[in-house]
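Undergrad: All chains, full assembly: derive it from the sequences and hints.
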Amino acid sequence: MAVPILKQGQYLIATIQDALTDADLQQLRDGLVAQVGRHRSRGVIVDITALDVMDSFAVRTVRDIAHMTRLRGAETVIVGMQPEVALSVVQLGLTLEGVHAALDLEEGLAFLDKKANAVRGGRPGG
Amino acid sequence: MGERQRAAESAGGFAVSRRSGRLSPDLTQEESISVRSDVDIVVARRRGRELAASLGFGPTDQTLIATAISELTRNIVLYAERGQVVLKALVGQGGKRGIMVVARDHGPGISNVEQALQSGFSTSGGLGLGLPGVRRLTDEFDIASEVGRGTTVTVKKWNR
Numbered sequence: 001m002a003v004p005i006l007k008q009g010q011y012l013i014a015t016i017q018d019a020l021t022d023a024d025l026q027q028l029r030d031g032l033v034a035q036v037g038r039h040r041s042r043g044v045i046v047d048i049t050a051l052d053v054m055d056s057f058a059v060r061t062v063r064d065i066a067h068m069t070r071l072r073g074a075e076t077v078i079v080g081m082q083p084e085v086a087l088s089v090v091q092l093g094l095t096l097e098g099v100h101a102a103l104d105l106e107e108g109l110a111f112l113d114k115k116a117n118a119v120r121g122g123r124p125g126g
Numbered sequence: 001m002g003e004r005q006r007a008a009e010s011a012g013g014f015a016v017s018r019r020s021g022r023l024s025p026d027l028t029q030e031e032s033i034s035v036r037s038d039v040d041i042v043v044a045r046r047r048g049r050e051l052a053a054s055l056g057f058g059p060t061d062q063t064l065i066a067t068a069i070s071e072l073t074r075n076i077v078l079y080a081e082r083g084q085v086v087l088k089a090l091v092g093q094g095g096k097r098g099i100m101v102v103a104r105d106h107g108p109g110i111s112n113v114e115q116a117l118q119s120g121f122s123t124s125g126g127l128g129l130g131l132p133g134v135r136r137l138t139d140e141f142d143i144a145s146e147v148g149r150g151t152t153v154t155v156k157k158w159n160r
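Residue numbers (my numbering), protein chains in the order written: chain Y, 1 to 126; chain U, 1 to 160.
If you are wondering where the hints come from, they were derived from the structure by calculation, not from laboratory data.
Hints may be right or wrong, so weigh each one.
Only some residues are given here: those of chain U computed to face chain Y with a beta carbon under 7 Å [as the list claims (entries may be wrong)]: (1) Asp38; (2) Val42; (3) Pro59; (4) Thr60; (5) Thr67; (6) Ser70; (7) Glu71.
Chain U is nowhere near these chain Y residues, computed Cβ spacing over 10 Å in every case [claimed, not checked]: (8) Gln8; (9) Thr15; (10) Arg29; (11) Thr49; (12) Arg72; (13) Lys114; (14) Ala116; (15) Arg120.
Only a predicted model underlies this, so the values are computations on that prediction, with no experimental measurement involved.
Where is the CB? At the ideal position from N, CA and C, for every residue including glycine.
TA: Written out as structure tokens, the structure is:
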């Protein structure tokens with residue numbers, strides 16, 4: 001099933017609601033990368049609270065999402081990973097290098113806000 | 001059952017068969033899922049989780065089992081195009097319960113099994129067959145592969 005992508009201000013929020021096939025994951029990746037450009041988004045949140053299995057393909061696709069959106073100017077935060085899923089990812093020997101993670105949606109938004117403020121504050125006269 | 005299986009195959013793209021024993025139906029559960037596409041990966045791991053739950057495995061082990069099934073099933077779709085996953089309840093010493101997963105295909109086979117079991121450890125996912133990862137997720141791991149004939153991976157996990 002397709003993952004709905006919501007636009008909230010300068011962020012995109014994708015909430016996974018059910019088990020995803022490989023094709024669904026790739027569709028999510030391509031959708032986010034395209035919409036970052038369309039909406040000039042600065043941040044992406046992928047809520048994986050409902051994801052009960054993260055195998056190597058899912059981990060790789062999430063990593064691709066983070067890296068691809070970053071190349072398009074948006075930071076991605078993964079939120080809501082269940083403790084069992086975290087354990088299985090570690091036991092599989094997989095890593096999410098370069099991917100930001102936060103406990104839940106609220107923390108994820110706070111992270112992106114902080115990041116956006118830091119960027120704004122860093123600009124002379126900005 | 002042949003009829004039913006064929007009906008299921010044509011209807012949903014996968015076949016499911018169940019067998020129940022007379023004395024303890026709970027522990028003779030066996031289920032065969034034919035694997036052809038990424039949709040079947042989701043079906044197989046969901047069935048594995050359900051069986052594990054019915055055998056008393058906790059949420060953590062259910063997830064580890066489902067993840068192992070996902071990896072094994074993906075190998076079938078990627079390298080052999082089609083195959084089969086059999087899920088079976090086990091009774092071990094002292095009555096402990098377990099689950100066995102057999103992932104079988106008649107694909108190209110693995111020319112260097114030793115290497116397949118070593119590489120990929122540090123490749124951070126996606127590369128290789130993910131077999132070392134599956135080995136870590138489970139308690140017992142066995143692989144038989146012959147080039148040109150196919151691969152059978154059997155894993156077991158016991159409920160502690």
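Undergrad: If a hint holds in the structure, say so; if it does not, say that too.
TA: Quick rundown of the hints versus the structure:
1. Asp38: holds, 4 Å
2. Val42: holds, 5 Å
3. Pro59: holds, 6 Å
4. Thr60: holds, 5 Å
5. Thr67: holds, 4 Å
6. Ser70: holds, 4 Å
7. Glu71: holds, 5 Å
8. Gln8: Answer for Gln8 of chain Y: holds, closest chain U Cβ roughly 29 Å.
9. Thr15: Fine: 18 Å to the nearest Cβ keeps Thr15 of chain Y off the interface.
10. Arg29: The claim stands: Arg29 of chain Y keeps its Cβ more than 10 Å from every Cβ of chain U (closest is about 13 Å).
11. Thr49: Correct as stated: the minimum Cβ-Cβ distance to chain U is 14 Å, above 10 Å.
12. Arg72: holds, 21 Å
13. Lys114: holds, 27 Å
14. Ala116: With a cut-off of 10 Å, Ala116 of chain Y remains clear of chain U, as the shortest Cβ separation is near 29 Å.
15. Arg120: holds, 33 Å
Of the numbered hints stated above, none is contradicted by the structure.
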